[in-house]
Amino acid sequence: MVAAGIHVVPPIAPTDLVVLAREAEAIGYEYLFLADEGFEVDVYACLALVAAETSTIRLGAMTNGYTRHPAVTAAALATLNTVSDGRALVTMLAGGSMVLSPMGIPRDRPYRVVSESIHVMRSLWSGEPVTWSGSEFSLDAAQSGLGPQQIPVWLACRGPMMLDLAGRSAEGLILTVKPDLGGAIQIADASASSAGRAALSKTYLGRICYQPEMLADQRRTLPFVLMDSPPRVLGSLGFHDDQISLVAEAAATNRPGLISHLVTDDLLRLYQVAGTPAECAGQLATLADTHDLDNVLVDVLSPDLGENLRLINETYQIATGAVGTATGDQR
15 MVAAGIHVVP
25 PIAPTDLVVL
35 AREAEAIGYE
45 YLFLADEGFE
55 VDVYACLALV
65 AAETSTIRLG
75 AMTNGYTRHP
85 AVTAAALATL
95 NTVSDGRALV
105 TMLAGGSMVL
115 SPMGIPRDRP
125 YRVVSESIHV
135 MRSLWSGEPV
145 TWSGSEFSLD
155 AAQSGLGPQQ
165 IPVWLACRGP
175 MMLDLAGRSA
185 EGLILTVKPD
195 LGGAIQIADA
205 SASSAGRAAL
215 SKTYLGRICY
225 QPEMLADQRR
235 TLPFVLMDSP
245 PRVLGSLGFH
255 DDQISLVAEA
265 AATNRPGLIS
275 HLVTDDLLRL
285 YQVAGTPAEC
295 AGQLATLADT
305 HDLDNVLVDV
315 LSPDLGENLR
325 LINETYQIAT
335 GAVGTATGDQ
345 R
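Quick note, my numbering runs 14 ahead of the 1-based positions in the sequence shown.
Heads up, a few of these hints could be off.
Subject to a maximum C-alpha distance of 20 Å in a straight line, what follows is the list of computed SDA-like cross-link-like pairs (lysine to any residue) [unchecked claim]:
1. 192 x 299
2. 192 x 283
3. 192 x 233
4. 192 x 123
5. 192 x 300
6. 192 x 244
7. 192 x 232
8. 192 x 15
9. 192 x 173
10. 192 x 253
11. 192 x 81
12. 192 x 279
13. 192 x 203
14. 192 x 308
15. 192 x 118
16. 192 x 276
17. 192 x 215
In case anyone wonders, no lab produced these hints; they're calculated from the structure.
Nothing here was measured: the structure is a model prediction, and the numbers come from that model.
Starting from the given sequences, assemble the full structure and let the hints guide the process.
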């Protein structure tokens, strides 16, 4: 059976996050990731609050190398790892349109930014003084005051260069596009093999849409996902060349509305797990078996605590195959 975790995307009140984390731990979830959304609650302050109120659940930040210098990120994660008794981990992303565009930060050289961010963090976590210069970041006699740290680095990515980086440098890989899992994993595994490394821990992340309104809610965010996706991923979703070009235009001009008409019901169902609770459980089991997945992370997107508590209880049954009468057939 795969391990289950939750991926919380703000807005959410810090006190509500603590309640949610305690409940997730009690249910049996093994991971809690909090998205670093820039203008919302601070990811590290909130995870420190959660660390004080939990004891076993692993605590991770979903962050990027653009909005914070990786040395600052390294210090924040080392602090979290210390106060949580070694439960911290981090997932690096190449940066998304929803976060970077409002800050006026161009998504330039994502491969360099992510690879150098990983190098900076790991160098500082050695506990030794570090002097190093890259094309994006540098350190001059920098040394962490928190001593050596063992903090796993995962990557959430879609592009071939980033997947290659994951295979060569990361401990884990997070994937979000259901029909592209096989292609993405093949790239990462080949990279790991050529580097003489063990296969990565593999995680599927998505919203499990076991009610019709959950699928409808995804219409708002999927255009942003498409704009951040490489042609291989768009091809796995059935896009032809003209549609791929339109997505590229939308990304270049930051106009998600330009491609909103592409987000059909069929595309939503192809992109993610959707159906009745039993159908969703079956899809997840098939994905796990087919792609040798280790973990499933469930998107938690509502600002309402009650809705989120209900979601993580019902979704845990689906993710672990223990679907019962609590969820029912609601499609």
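Each hint tested on the structure:
| no. | hint | verdict |
| --- | --- | --- |
| 1 | 192 x 299 | holds, 13 Å |
| 2 | 192 x 283 | holds, 9 Å |
| 3 | 192 x 233 | holds, 16 Å |
| 4 | 192 x 123 | violated, 26 Å |
| 5 | 192 x 300 | holds, 11 Å |
| 6 | 192 x 244 | holds, 15 Å |
| 7 | 192 x 232 | holds, 15 Å |
| 8 | 192 x 15 | holds, 19 Å |
| 9 | 192 x 173 | holds, 15 Å |
| 10 | 192 x 253 | holds, 15 Å |
| 11 | 192 x 81 | violated, 28 Å |
| 12 | 192 x 279 | holds, 15 Å |
| 13 | 192 x 203 | holds, 17 Å |
| 14 | 192 x 308 | holds, 15 Å |
| 15 | 192 x 118 | violated, 31 Å |
| 16 | 192 x 276 | holds, 17 Å |
| 17 | 192 x 215 | holds, 17 Å |
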